Amino acid sequence: KQEVTQIPAALSVPEGENLVLNCSFTDSAIYNLQWFRQDPGKGLTSLLLIQSSQREQTSGRLNASLDKSSGRSTLYIAASQPGDSATYLCAVTPGSNYQLIWGAGTKLIIKP
Amino acid sequence: NAGVTQTPKFQVLKTGQSMTLQCAQDMNHEYMSWYRQDPGMGLRLIHYSVGAGITDQGEVPNGYNVSRSTTEDFPLRLLSAAPSQTSVYFCASSYGDRGNEKLFFGSGTQLSVL
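First to last, the protein sequences are chains A and B. Here the first sequence is numbered in the working numbering, starting from 1 and rising by one per residue. Here the second sequence is numbered in the working numbering, starting from 1 and rising by one per residue.
Worth flagging that the hints you see were computed from the coordinates, not collected in a lab. Computed from a predicted model, the values in this text were never measured in an experiment. Treat the hints loosely; a few may be bogus.
[Unchecked claim] Stretches of chain B that chain A covers, calculated by requiring three or more beta carbons in the stretch to come under 8 Å of a beta carbon on chain A:
| id | segment |
| --- | --- |
| 1 | 13-21 |
| 2 | 39-50 |
[As the list claims (entries may be wrong)] Only pairs whose alpha carbons sit at most 25 Å apart, straight line, appear in this in silico BS3-like list of lysine-lysine:
| id | chain 1 | residue 1 | chain 2 | residue 2 |
| --- | --- | --- | --- | --- |
| 3 | B | K9 | A | K68 |
| 4 | A | K107 | B | K102 |
| 5 | A | K68 | B | K14 |
| 6 | B | K9 | B | K102 |
| 7 | B | K9 | A | K1 |
[Claimed, not checked] Some residues of chain B that are not near chain A, with every Cβ distance over 12 Å (derived):
| id | residue |
| --- | --- |
| 8 | S33 |
| 9 | L79 |
| 10 | Q85 |
| 11 | S112 |
Glycine residues also receive a C-beta, built at the ideal position from the N, C-alpha and C atoms.
Looking at chain A on its own, in the form it has when it is part of the complex:
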């Protein structure tokens, strides 16, 4: 059974730092992997989607990488800002069906 883990559960860093969020999954047979952002009291917003054949995707200050063989993905945030404070979740689409399997998220706090 596919399981998705995000460690740490919470992270606090000073403004301006570059940081990496981690996502690991137990079954490398995935269709794709997505990163989402969740703000308090709001829904989730899709940030990046990486197909299984891709190694990385970039959007502005965000870069997501995928290493299927090791079951890992990272979300790199450059020059962090207080507005980046949110919970970041990753989810994989298994190769056997198209229903997302979610990690519990990393709560990120950027201190001014």
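Using the hints, position chain B against chain A.
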């Protein structure tokens, strides 16, 4: 540009009561789904629909019913609320169901069952 609209935002129920969580999207998406989010856990899929008249169960369907009479609406019914159903509920939609399309979420319904 409404996107995915969920109502209500907050609800308190007593054990045994029933209610319907509403979800509507204006993007002509075929795929709609309901998730619940509990502290320390990932989102779990309750039910989903790949088009009007078609619904299927997700990971945790017990105690919930859905129907999809139109493309726009996908209500979630709690038949007899239990404290274990205290959670935050999210509705989501996308153009297709193949996992390649961007998933759009509503702002959530916080439900407490006493």
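Status of each hint after checking the structure:
Only residues whose C-beta sits within less than 8 Å of a C-beta in chain A count toward coverage, and the segment 13-21 of chain B has 0 of them, not enough to reach three; the restraint is violated. As drawn, the segment 39-50 of chain B meets chain A at 7 residues by the rule of a beta-carbon pair under 8 Å; at three or more, the given contact holds. This hinted pair does not check out: K9(B) and K68(A) have alpha carbons roughly 38 Å apart, beyond 25 Å. Restraint check for K107(A) and K102(B): the C-alpha separation of about 22 Å stays at or below 25 Å, so the hint holds.
The suggested pairing of K68(A) with K14(B) is violated, with an alpha-carbon distance near 46 Å, which exceeds 25 Å. Only pairs whose Cα atoms come within 25 Å are accepted, and K9(B) paired with K102(B) is accepted, the gap being roughly 23 Å. With a CA separation close to 33 Å, the supplied pair K9(B) and K1(A) exceeds the 25 Å bound. In this structure S33(B) is not separated from chain A by more than 12 Å, as the shortest Cβ-Cβ distance comes to only about 8 Å.
Residue placement check: L79(B) keeps its beta carbon more than 12 Å from all beta carbons of chain A (closest about 23 Å). Separation of Q85(B) from chain A is adequate, the least Cβ-Cβ distance of about 19 Å exceeding the 12 Å criterion. For S112(B), the non-interface assignment is confirmed: its Cβ lies about 15 Å from the closest Cβ of chain A, beyond the 12 Å cut-off.
Of the hints listed earlier, those the structure fails to meet are numbers 1, 3, 5, 7 and 8, in rising order.
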